[in-house]
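A.B. asks: One letter stands for each residue in the lines below.
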Amino acid sequence: MRAFFKTLFGDAWNLSAVAAVMTAEIALTQTGNGTIAAWLIPLLVLASVAWLARY
Amino acid sequence: MIDWTIAIPAFLTASVEWVEAFTIVLAVSLSIGWVGAVGAAVSALATLGVMTVATGGVLHLGFDLDWIQLVIGVFLLLFGVRWMAKAVARQAGLKSLHNEAAEFAETRALLARGDWHAAWLIAFKGVLLEGLEVWLVVAALGLKGNQWFSSAGAAIAALAVVAVAGLLIRAPLQRVPENAIKFVVGTMILAFGTFWTLEALGGADVWPFSDWSLLGLVAFYFCGGLGLSALLRKQPKPGVAL
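Those sequence lines, one after another, are chains A and B.
Here this note's numbering is used: position 11 in the first sequence is 11, and no number is missing along the way.
Here this note's numbering is used: position 104 in the second sequence is 159, and no number is missing along the way.
Heads up, some of the hints might be wrong.
Cβ-Cβ distance ranges computed for the label pairs, FRET-style [claimed, not checked]:
id	chain 1	residue 1	chain 2	residue 2	range
1	B	Asp266	A	Ala19	26 to 32 Å
2	B	His172	A	Ala47	44 to 50 Å
3	B	Ala215	A	Ile36	43 to 49 Å
4	A	Thr31	B	Ala285	34 to 40 Å
5	B	Ala160	A	Ser16	29 to 35 Å
6	A	Thr31	B	Leu120	23 to 29 Å
7	B	Ser98	A	Phe5	35 to 41 Å
8	A	Thr35	B	Ala157	14 to 20 Å
9	A	Thr35	B	Lys180	42 to 48 Å
10	B	Gly148	A	Phe5	28 to 34 Å
11	A	Ala12	B	Asp260	32 to 38 Å
12	B	Asp170	A	Trp39	51 to 57 Å
13	A	Thr31	B	Ser98	23 to 29 Å
14	B	Val90	A	Ala24	50 to 56 Å
Covered stretches of chain A, as calculated for chain B (at least 3 residues, CB under 8 Å) [to be verified]:
id	region
15	2-8
16	19-26
Some chain A residues near chain B, calculated using beta-carbon distances under 8 Å [claimed, not checked]:
id	residue
17	Ala12
18	Thr35
19	Ala37
20	Leu40
21	Pro42
22	Ser48
23	Val49
24	Arg54
Calculated from the structure, these hints are not laboratory results.
Glycine is no exception: its CB is placed at the ideal position from the N, C-alpha and C atoms.
Whole structure, please, built from the sequences with the hints as guidance.
C.D. replies: Okay, here's the thing in structure tokens:
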């Protein structure tokens, strides 16, 4: 079962990275900054990739 | 009509996962024979087939498309970030390249006790877990414009190609450039995940070039990933004293 969940969700670091991205997406869209999010979120996703790749 | 923007990422993702699954089945077959190993693989594939059909059925029940798009987009981000990070780390030399021969040897060592049921379960679990990632991508890509034929068809085609190549070579498929494929697929999946989650939350207007923004995202992640690999290659590994 653990392997099943790990396949679907990844590890805690992976979950944290995506949670941070989603939190930013929700915050920006709910405050009417959706168009800014379209430029910021890809950068944040790439930063998450860099963080996960390094650690 | 095949939608190649769906079929290509589905085919590439499935190819990588089927190669890993084939390596496990091959190792198990040397322990309990082809009949048992293929039986386990077919059982796992049947489970995945049922899941895919059920997913398609559920998505036609009339759920709010924005919510489905958001949930699947989050899964694509979870999956894409992981794949991309692994591919970047391997390219940068921070992590060793995935080695099918080593995985084959590990599975063989695990099977050394000769327990038939344990071996069968290893093959079943291996195909099911590798196939789960295929299922996720097939479901996610198939959702866009109901392209189930393109996404599921591409995954089945990839299975056929890997199975035939594997049977001809009868060895772990080491020559498949797994990291390069993972990198390319990672960029595509991340682009879809980013596009869908933000569109589901903020509406279609948030993307400056509407659907064309998807291509921009693929290019951005591709170039960004290459840049990250180059950057990380120059930096010392974390925790390593100079």
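A.B. asks: Could you run down the list of hints and mark each one as holding or not?
C.D. replies: Cross-check of the supplied hints:
1. The hinted range of 26 to 32 Å is satisfied by aspartate 266 of chain B and alanine 19 of chain A, whose Cβ atoms lie roughly 27 Å apart.
2. Evaluation of the 44 to 50 Å hint for histidine 172 of chain B and alanine 47 of chain A yields a pass: the beta carbon distance comes to about 46 Å.
3. Between alanine 215 of chain B and isoleucine 36 of chain A the beta carbon distance is about 45 Å. The supplied range of 43 to 49 Å therefore holds.
4. Evaluation of the 34 to 40 Å hint for threonine 31 of chain A and alanine 285 of chain B yields a pass: the beta carbon distance comes to about 35 Å.
5. Range check, alanine 160 of chain B to serine 16 of chain A: about 33 Å between beta-carbon atoms, so the 29 to 35 Å window is met.
6. Remark: the range hint 23 to 29 Å for threonine 31 of chain A to leucine 120 of chain B is upheld by a beta-carbon distance near 24 Å.
7. Hint check: serine 98 of chain B to phenylalanine 5 of chain A, Cβ distance near 21 Å, so the stated range 35 to 41 Å is violated.
8. Judged by the Cβ atoms, the range 14 to 20 Å given for threonine 35 of chain A and alanine 157 of chain B is violated: they are separated by roughly 47 Å.
9. Judged by the Cβ atoms, the range 42 to 48 Å given for threonine 35 of chain A and lysine 180 of chain B holds: they are separated by roughly 45 Å.
10. Checked against the hint of 28 to 34 Å, the pair glycine 148 of chain B and phenylalanine 5 of chain A passes, with Cβ atoms roughly 30 Å apart.
11. For the pair alanine 12 of chain A and aspartate 260 of chain B, the supplied restraint of 32 to 38 Å holds, since their beta-carbon distance comes to about 35 Å.
12. Against the hinted window of 51 to 57 Å, the Cβ-Cβ separation of aspartate 170 of chain B and tryptophan 39 of chain A comes to about 56 Å, which satisfies the hint.
13. Between threonine 31 of chain A and serine 98 of chain B the CB atoms are about 50 Å apart, so this pair departs from the stated range of 23 to 29 Å.
14. Distance hint check for valine 90 of chain B and alanine 24 of chain A: the Cβ-Cβ separation is about 52 Å, which falls inside the suggested range of 50 to 56 Å.
15. Coverage of the region 2-8 of chain A by chain B holds. Counting CB-CB distances below 8 Å, 4 residues qualify, and the rule asks for three or more.
16. Only residues whose beta carbon comes within less than 8 Å of a beta carbon in chain B count, and the region 19-26 of chain A has 4; three or more means the coverage holds.
17. This hint is violated: alanine 12 of chain A has a C-beta 12 Å from the nearest C-beta of chain B, more than the 8 Å allowed.
18. Residue-level restraint check for threonine 35 of chain A holds (minimum Cβ-Cβ distance to chain B is 6 Å; threshold 8 Å).
19. Interface restraint check for alanine 37 of chain A: the shortest CB-CB distance to chain B comes to about 6 Å, inside 8 Å, so the restraint holds.
20. Below 8 Å, beta-carbon pairs count as interface contacts, and leucine 40 of chain A has none with chain B, the closest being about 10 Å; its hint is therefore violated.
21. A distance limit of 8 Å between C-beta atoms decides the matter here; for proline 42 of chain A the minimum to chain B is near 5 Å, and the interface restraint holds.
22. With 8 Å as the threshold, the beta carbon of serine 48 of chain A comes within range of chain B, its nearest partner Cβ sitting at about 6 Å, so the hint holds.
23. Taking 8 Å as the C-beta cut-off, the interface hint given for valine 49 of chain A holds, the closest approach to chain B being about 5 Å.
24. Hint status for arginine 54 of chain A: holds, given a least beta-carbon distance of 6 Å to chain B, under 8 Å.
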